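In the working numbering, the protein residues as written are 98 to 315.
Please keep in mind that the hints were generated in silico from the structure rather than gathered at the bench.
All values derive from a computational prediction rather than experimental measurement.
We put the CB at the ideal spot given by N, CA and C, even for glycine.
Heads up, some of the hints might be wrong.
[Said to hold, decoys possible] Below, in silico cross-link-like pairs of lysine-lysine (BS3-like), each with a Cα-Cα straight-line distance of 25 angstroms or less:
#1 Lys226 with Lys303
#2 Lys199 with Lys127
#3 Lys127 with Lys183
#4 Lys226 with Lys241
[Unchecked claim] Computed Cβ-Cβ distance ranges for the label pairs, DEER-style:
#5 Asn189 with Val212: 22 to 28 angstroms
#6 Glu270 with Ile237: 21 to 27 angstroms
#7 Asp304 with Asp102: 51 to 57 angstroms
#8 Phe225 with Trp195: 23 to 29 angstroms
#9 Glu217 with Asn189: 33 to 39 angstroms
#10 His251 with Glu142: 39 to 45 angstroms
#11 Lys115 with Ala256: 46 to 52 angstroms
#12 Cys174 with Leu204: 17 to 23 angstroms
#13 His170 with Thr295: 39 to 45 angstroms
#14 Asp197 with His170: 17 to 23 angstroms
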Amino acid sequence: VVSVDLDAMAPTPTVDGKGTHGGYCGPAVKPIALRMVGQIARDPECAGLPISGIGGISGWREAAEFMAMGAGHVQVCTAAMTHGFKIVEDMNSGLDNWMDSKGHRRLADFHRLAVPNFVEWQDLNMNFKTIAAIDQDLCIQCGKCHVACEDTSHQSIAALRTEAGRRYEVIDEECVGCNLCMHVCPVDDCITMRPVDTGQPYVTWKDDPRNPHREAAE
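Model the full assembly from the supplied sequences, consistent with the hints where possible.
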């Protein structure tokens, strides 16, 4: 259900005063579809089966992502309906440019390359750490990163007053690398996440001492 008409008090779109549920398509479907393609691609029982990726593909980047996750080809529906068939030409040219920049000569050169790196969350390295870094030359001092971190995260971005105006700095020892500040920042590449060498070995959740079920599993 997309929305409710608060005057007619019926789901939209309304048909003679009534509404119903509909399908789910477009960019919102992409995370779901990409996961499903990846799950099929890494399943040993599905080895060798051709996979067609569809769901939220609206440009060359999405097409490349689906192929890297195991799709042998992709399908486009909503984007073609919205922008016309010319979008396919734009996807082809964009994909060509990206492949050239990466040194890929054929689609097969990057097909399935991301599959081995698609794992369950409990298989991730619990000792891997990143912290946020703010590029002061790009920062527009809007303060969105500070508000997001202060109100809903870890209070790890300090709001400072200087002679030049406002300045926002990451408190490294408090940052947990949640990425929230990076996502709310309106300036591309102003906030990036940089890895920190913890000196700790690769440890998954199954072996992490903080896992309360670790001993039971053993």
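Hint check results:
no., hint, in the structure
1, Lys226 with Lys303, "holds, 18 angstroms"
2, Lys199 with Lys127, "holds, 24 angstroms"
3, Lys127 with Lys183, "holds, 21 angstroms"
4, Lys226 with Lys241, "holds, 23 angstroms"
5, Asn189 with Val212: 22 to 28 angstroms, "holds, 24 angstroms"
6, Glu270 with Ile237: 21 to 27 angstroms, "holds, 26 angstroms"
7, Asp304 with Asp102: 51 to 57 angstroms, "holds, 53 angstroms"
8, Phe225 with Trp195: 23 to 29 angstroms, "holds, 27 angstroms"
9, Glu217 with Asn189: 33 to 39 angstroms, "holds, 35 angstroms"
10, His251 with Glu142: 39 to 45 angstroms, "holds, 42 angstroms"
11, Lys115 with Ala256: 46 to 52 angstroms, "holds, 51 angstroms"
12, Cys174 with Leu204: 17 to 23 angstroms, "holds, 21 angstroms"
13, His170 with Thr295: 39 to 45 angstroms, "holds, 41 angstroms"
14, Asp197 with His170: 17 to 23 angstroms, "holds, 20 angstroms"
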